[in-house]
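Take a look at the letters that make up each chain.
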Amino acid sequence: MASHAHGHKVKRYSGLMDWLTTVDHKKIGILYLMAGGFFFLVGGLEAVLIRIQLMYPDSNIVNGQTFNELITMHGTTMIFLAAMPMLFALMNAIIPLQIGARDVAFPFLNSLGFWTFFFGGVLLNLSWFAGAVPDAGWTSYVPLAGPDFSTGKGVDYYVIGLQIAGIGTLLGGINFMATIINMRAPGLTFMRLPMFTWAIFITSAMIVFAFPALTVGLVALMFDRLFFANFFDVANGGNGVLWEHIFWVFGHPEVYILILPAFGIISEIVSTFSRKRLFGYSSMVFATVLIAFLGFMVWAHHMFTTGLGPVANGLFSIATMLIAVPTGIKIFNWLFTLWGGSIRFTTASMFAIGFIPTFVMGGVTGVMLASAPADYQYHDTYFVVAHFHYVIVGGLIFGIFAGLHYWWPKMFGRLLNETLGKITFWTFFIGFHMTFLVQHFLGLLGMPRRVYTYLGGQGYDDMNFISTIGAFLMGIGTIAFVINVFVTWAKPRNASNDPWEDGRSLEWTISSPAPEYNFQQTPLVRGYDAWWKEKMEGKKAMTPAEPIGSIHMPSPSILPLFMSIGLFVAGFGFMYDHLIIAVGGLVITLGCMVIRSLFDDHGFHIEPEDQEKGVQA
Amino acid sequence: MSAHDHVEGQLPHEPEKATLEARNKILGFWLFLGAETVLFGTLFSAFLALRHNIGDGPSANELFQLPLVFAATMILLTSSLTSVFAVQALHNHNKKSMLGWLIVTIVLGLAFIGLEIYEFLHYIHEGHKFTTSAFSSSFYTLVGFHGAHVAFGIVWIALVIGQVLKKGLTVVTAPKVYISAIYWHFIDVVWVFIFTVVYLMGKVAG
Amino acid sequence: MKRLLPLLTGLVLLLSACGREDLSALNPQGPVAQKQYDLMKLSIGIMGLVVVVVFIICIYVLIRFRRRKGDNTIPKQVEGNHTLEIIWTVIPLVLLLILGVPTIKDVFGLAKDYSKDKNAVQVKVTAHQYWWEFEYTDYGITTGQELIVPTDKVISFELAAADVKHSFWIPAIGGKMDTNPGSTNRMYLEFPKEGVFRGKCAELCGPSHALMDFKAKAVSPESFDRWVAAMKAPAVMPADAELAEKFTSQCLSCHAVGENGGNSAPNLTGVGGRQTVGGILYNDEAPTEQNLHDWITNPEAVKAGAMMPSSEDTGLTDEEVSSISKYLADYKLDY
Numbered sequence: 000m001a002s003h004a005h006g007h008k009v010k011r012y013s014g015l016m017d018w019l020t021t022v023d024h025k026k027i028g029i030l031y032l033m034a035g036g037f038f039f040l041v042g043g044l045e046a047v048l049i050r051i052q053l054m055y056p057d058s059n060i061v062n063g064q065t066f067n068e069l070i071t072m073h074g075t076t077m078i079f080l081a082a083m084p085m086l087f088a089l090m091n092a093i094i095p096l097q098i099g100a101r102d103v104a105f106p107f108l109n110s111l112g113f114w115t116f117f118f119g120g121v122l123l124n125l126s127w128f129a130g131a132v133p134d135a136g137w138t139s140y141v142p143l144a145g146p147d148f149s150t151g152k153g154v155d156y157y158v159i160g161l162q163i164a165g166i167g168t169l170l171g172g173i174n175f176m177a178t179i180i181n182m183r184a185p186g187l188t189f190m191r192l193p194m195f196t197w198a199i200f201i202t203s204a205m206i207v208f209a210f211p212a213l214t215v216g217l218v219a220l221m222f223d224r225l226f227f228a229n230f231f232d233v234a235n236g237g238n239g240v241l242w243e244h245i246f247w248v249f250g251h252p253e254v255y256i257l258i259l260p261a262f263g264i265i266s267e268i269v270s271t272f273s274r275k276r277l278f279g280y281s282s283m284v285f286a287t288v289l290i291a292f293l294g295f296m297v298w299a300h301h302m303f304t305t306g307l308g309p310v311a312n313g314l315f316s317i318a319t320m321l322i323a324v325p326t327g328i329k330i331f332n333w334l335f336t337l338w339g340g341s342i343r344f345t346t347a348s349m350f351a352i353g354f355i356p357t358f359v360m361g362g363v364t365g366v367m368l369a370s371a372p373a374d375y376q377y378h379d380t381y382f383v384v385a386h387f388h389y390v391i392v393g394g395l396i397f398g399i400f401a402g403l404h405y406w407w408p409k410m411f412g413r414l415l416n417e418t419l420g421k422i423t424f425w426t427f428f429i430g431f432h433m434t435f436l437v438q439h440f441l442g443l444l445g446m447p448r449r450v451y452t453y454l455g456g457q458g459y460d461d462m463n464f465i466s467t468i469g470a471f472l473m474g475i476g477t478i479a480f481v482i483n484v485f486v487t488w489a490k491p492r493n494a495s496n497d498p499w500e501d502g503r504s505l506e507w508t509i510s511s512p513a514p515e516y517n518f519q520q521t522p523l524v525r526g527y528d529a530w531w532k533e534k535m536e537g538k539k540a541m542t543p544a545e546p547i548g549s550i551h552m553p554s555p556s557i558l559p560l561f562m563s564i565g566l567f568v569a570g571f572g573f574m575y576d577h578l579i580i581a582v583g584g585l586v587i588t589l590g591c592m593v594i595r596s597l598f599d600d601h602g603f604h605i606e607p608e609d610q611e612k613g614v615q616a
Numbered sequence: 000m001s002a003h004d005h006v007e008g009q010l011p012h013e014p015e016k017a018t019l020e021a022r023n024k025i026l027g028f029w030l031f032l033g034a035e036t037v038l039f040g041t042l043f044s045a046f047l048a049l050r051h052n053i054g055d056g057p058s059a060n061e062l063f064q065l066p067l068v069f070a071a072t073m074i075l076l077t078s079s080l081t082s083v084f085a086v087q088a089l090h091n092h093n094k095k096s097m098l099g100w101l102i103v104t105i106v107l108g109l110a111f112i113g114l115e116i117y118e119f120l121h122y123i124h125e126g127h128k129f130t131t132s133a134f135s136s137s138f139y140t141l142v143g144f145h146g147a148h149v150a151f152g153i154v155w156i157a158l159v160i161g162q163v164l165k166k167g168l169t170v171v172t173a174p175k176v177y178i179s180a181i182y183w184h185f186i187d188v189v190w191v192f193i194f195t196v197v198y199l200m201g202k203v204a205g
Numbered sequence: 000m001k002r003l004l005p006l007l008t009g010l011v012l013l014l015s016a017c018g019r020e021d022l023s024a025l026n027p028q029g030p031v032a033q034k035q036y037d038l039m040k041l042s043i044g045i046m047g048l049v050v051v052v053v054f055i056i057c058i059y060v061l062i063r064f065r066r067r068k069g070d071n072t073i074p075k076q077v078e079g080n081h082t083l084e085i086i087w088t089v090i091p092l093v094l095l096l097i098l099g100v101p102t103i104k105d106v107f108g109l110a111k112d113y114s115k116d117k118n119a120v121q122v123k124v125t126a127h128q129y130w131w132e133f134e135y136t137d138y139g140i141t142t143g144q145e146l147i148v149p150t151d152k153v154i155s156f157e158l159a160a161a162d163v164k165h166s167f168w169i170p171a172i173g174g175k176m177d178t179n180p181g182s183t184n185r186m187y188l189e190f191p192k193e194g195v196f197r198g199k200c201a202e203l204c205g206p207s208h209a210l211m212d213f214k215a216k217a218v219s220p221e222s223f224d225r226w227v228a229a230m231k232a233p234a235v236m237p238a239d240a241e242l243a244e245k246f247t248s249q250c251l252s253c254h255a256v257g258e259n260g261g262n263s264a265p266n267l268t269g270v271g272g273r274q275t276v277g278g279i280l281y282n283d284e285a286p287t288e289q290n291l292h293d294w295i296t297n298p299e300a301v302k303a304g305a306m307m308p309s310s311e312d313t314g315l316t317d318e319e320v321s322s323i324s325k326y327l328a329d330y331k332l333d334y
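Protein chains in written order, with numbering that gives the first Met the number 0: chain A, 0 to 616; chain B, 0 to 205; chain C, 0 to 334.
With the rest of the complex left out, here is chain A (with noise of 0.2 Å):
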């Protein structure tokens, strides 16, 4: 073996078929980014048709049912299509590069797993164009979801979409777990690891353990509309509260799934761009196990009006309340990194100190939605609706702002352009607490939230109008990044290894962007802070851990992209009832999975020779 492996051809494409067929990490970090941010596009449409349906009282733009579908839609793309994603993107073009390894352990699972989001979220918004929306909310909670009181596909859309994009996001999971553990670099300890890489360790681990909950969830719901099983519904012995259950057992580790590498991402700018040391890693790395531990036991807090009784209530609340410990630690944490330091004001560092007080503001409306018997007033209502947008968009969205801004040209060798960003965050800082700071008081008010219209004299008229002026801001903010991208995309390739100078980890080690092996020479780390450990010691580069040899990679692969699209048809199939193209699909996939077990992958070899010219276009 060892000698034909070398002389082994492995096809190379380019073009289209170099990116359908890609397994590097950060050409699929590429490729989320890609999809992730025109899903945000999609849902930030949505979100903008919602305040202006709800600019002004008894407002008549779209009516109720197309209102519930927009809610619904806007959640749920952006949380799963979105936001996910755009992680998963930074998470794949920095954490190999972080560890010191050449690529993600699981290569093939990687591109399978992008291209299985892909592909559900793909189905899931094809529903618009099948005129059979989900209209259940981003909960779809039973019976309204189930098939007596929702007959249309609408809700079957957002069942198989899920479905099928759950499965790369667990894959993701696995992976990402397995690459920390088993591909860093010759010295790199759990305890010297980036906060970055940290944080993505714990959410990995988080969603390998909350997503088969939302698959379980999933499979009954589509049993219960598609094969008239009976888990929800109450006729026949089902228990609708059992999906609420469910989905929230996995829907509240998903909120730290979103947020915890929002807090890695800050971490790292902070730290950068103060020229200090992170504050107190050790009760970081500590507080963001906790965080991760707790939140598999407060789904509840969502039902606390479900009517549990008070001693689940009780229960919960505490607990709840228990999380904001080590988030404040977080916080306190950055702060005091902050402290002393040097702080270099970059879009970058705005958006991650913009996000330390926007997230505190969050924060402390949750450790009050925490307080049970006061939930009972503020459930359902826009204080919720502003809260989640406080964390998720004041926190997660913040984070992904800064983390591209910070990352780019690690991703593309091309830094974005400065006065583009800081209009960005100007715009998209002032809207979005324009937007959502007013929420707080109109659901304090009486103003329940996915109401479609609200009646004029209630006292909602003034805020609301604000609320909407805010989203058509965070528009304006979004549409300069996006300019901002096509911009830079004109200008030349510079940026050098260490473009912000000031880069404490391994990936400003290696030229922006990467090349395809990520490390011509494995890097030997020696403490936490591997590469500022070194430049302070007036080194110019690693010291590598491994002499200069031949580098083996995988080969690229069309499966992963038969075997969505195999789940893909096999989704049609299932909710119109064609059993054929239902098993036909599961047989392209299924299929797939065998030829790629049967044919063993050798890879190719990238020599010494070629590794120079190998920084890849």
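Some hints here could point you the wrong way.
The calculated EDC-like cross-link candidates involving lysine to aspartate or glutamate, where the alpha carbons are at most 16 Å apart (straight line), are [stated by the list, open to error]: (1) C:Lys104 <-> C:Asp37; (2) B:Lys24 <-> A:Asp501; (3) C:Lys192 <-> C:Glu20; (4) C:Lys75 <-> A:Glu536; (5) B:Lys165 <-> A:Asp599; (6) B:Lys166 <-> A:Asp501; (7) B:Lys128 <-> B:Glu115; (8) B:Lys166 <-> A:Asp599; (9) A:Lys538 <-> A:Asp497; (10) C:Lys75 <-> A:Asp599; (11) C:Lys123 <-> C:Asp137; (12) C:Lys245 <-> C:Glu319.
Simulated coverage check for chain A against chain C, where a stretch passes if three residues somewhere in it have a Cβ under 8 Å from a Cβ of chain C [said to hold, decoys possible]: (13) 279–287; (14) 317–331; (15) 542–549.
The set of hints was computed from the structure by calculation and includes no laboratory data.
Because the structure is a prediction, the values reported are computed rather than measured.
Note that beta-carbon positions come from the ideal geometry of N, C-alpha and C, so glycine has one too.
Starting from the known structure of chain A, fit chains B and C onto it as the hints suggest.
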């Protein structure tokens, strides 16, 4: 260290862990089983929440026949043991013995599936259909998910046998044998829980 | 800017005071809402303190430690500080304890069961797409859309839904409780002040979720007794025999007046005296008769997804609709 440093005949003691790719696969697979545990845990929870809601259908106590289920349990437990023998043979680099035990494992798995199909058909005859009640829906979903896992395992092990026959016992095929064995143990453990929670509790505490 | 925004919205809030007396959770009109409001104030106080501390540190840091042009010094690399870290672990714990104790006290206090209490008024609430049914089990009467309660008694609610999940909420009187299909929930409320309070459905229940409002009218004990008696009195049917016949065959198959009719749609006894038609058409904005006419002619246009057929479907002529509207608008209870 890559897959290509080893040549058949010079296999290390644990050939399934000889390469980084293989170690990644084994670790990744354990993580996958963690996810599977949550999956079955949720299915069990749903079943436990709904098992008394039998509607017009027969109850668990009327339905289940422990001797048949006990036989199925013993068959599956034995198959777990035979897959252990297969992995032992793998460690001894005894390809022939390993293949033999894998084939025995598959045959026992098929016997289990056969009994399960017989059992389901019998229940349907008794009026315990998938759509009868919340109890029946959650029962068939839980036990059916497990059955599908067994069926998938049978096909998988059969493919692994084919690959070992064709490519021999190498550092590439060894992890496949090993991982399919872990999987087989896992679905065996799940069955022990199903036997206890679904059948014994249905019969005793029903 | 970060400071300016809360200020601005504070101003807006000030302008609208604490919201309408009959609607806002910030303007409690009963002991349940009052308890919840007290808890809110406590938590806002504690959390406001946290926000202020963070903002001050944040602003100070941003001003004090910004990088000056050409400054290339490397700041001291600090690993952490155990004393500080212990402080910001312990202080939040203490703050949470201060909030946690009253939380637990109220969780159990508000869960008090009055279902066996002879002095409480027992009301069974059934939520429908998109209307509310109130059954007074001790009195054997049922009404729809407008809950009438006495000011001197605890009202003990038993809540359930007939179709999908809804949530029963009268913000000025107390927090919400979900109405689940297939199981019942309990809660109690008190209405010490006379007045009409706005109630809302707080769980997405379909296209007309936003329109599923109801009213809770608190009246004096004497007035309540008169209302109960009036509800129990024989129904007033349309005077015209032909119209009465039409009303019985077309309306009372689902609705009821007094002892006559069905129960799959809101009870219409005394409907002319209610604040709204269909929960959402206000009788002080348009004449009751007009609202009724609009509603009966085409309910779908008012509340999409409502079960009630249009006059076209029921075969009522415009004239008949007008007569029925007039009859219903005049059908008021004296209490």
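Hints, verified against the model:
1. For the hint linking Lys104 (chain C) to Asp37 (chain C), the alpha-carbon distance of about 13 Å falls within 16 Å, and the restraint holds.
2. This hinted pair does not check out: Lys24 (chain B) and Asp501 (chain A) have alpha carbons roughly 37 Å apart, beyond 16 Å.
3. Straight-line distance between C-alpha atoms of Lys192 (chain C) and Glu20 (chain C) comes to about 11 Å, which keeps the hinted pair within the 16 Å bound.
4. For the hint pairing Lys75 (chain C) with Glu536 (chain A), the CA-to-CA distance comes to about 15 Å; that is within 16 Å, so the pair holds.
5. Taking the CA atoms of Lys165 (chain B) and Asp599 (chain A), the gap is about 12 Å. The hint holds against a cut of 16 Å.
6. In summary, the hint linking Lys166 (chain B) to Asp501 (chain A) is not supported, as the alpha carbons are separated by about 52 Å, beyond the 16 Å threshold.
7. Among the hinted pairs, Lys128 (chain B) with Glu115 (chain B) is consistent with the structure: their alpha-carbon atoms are about 15 Å apart, no more than 16 Å.
8. A hinted pair counts as satisfied when its Cα atoms are at most 16 Å apart, and Lys166 (chain B) with Asp599 (chain A) qualifies at roughly 10 Å.
9. For the suggested pair Lys538 (chain A) and Asp497 (chain A), the alpha carbons sit about 14 Å apart, so the restraint of at most 16 Å is met.
10. A threshold of 16 Å between alpha carbons decides the hint, and for Lys75 (chain C) with Asp599 (chain A) the separation of about 53 Å lies outside it, so the pair is violated.
11. This hinted pair checks out: Lys123 (chain C) and Asp137 (chain C) have alpha carbons roughly 10 Å apart, not beyond 16 Å.
12. Using a Cα cut-off of 16 Å, the hinted pair Lys245 (chain C) and Glu319 (chain C) holds, with the two alpha carbons roughly 8 Å apart.
13. Only residues whose C-beta sits within less than 8 Å of a C-beta in chain C count toward coverage, and the region 279–287 of chain A has 4 of them, enough to reach three; the restraint holds.
14. Only when three residues or more bring their CB closer than 8 Å to a CB of chain C does the claim for the region 317–331 of chain A stand; here the count is 9, and the claim holds.
15. Requiring three or more residues with a Cβ within less than 8 Å of a Cβ of chain C, the coverage given for the region 542–549 of chain A is violated, as only 0 such residues are present.
In this structure, the hints that do not hold are numbers 2, 6, 10 and 15, in rising order.
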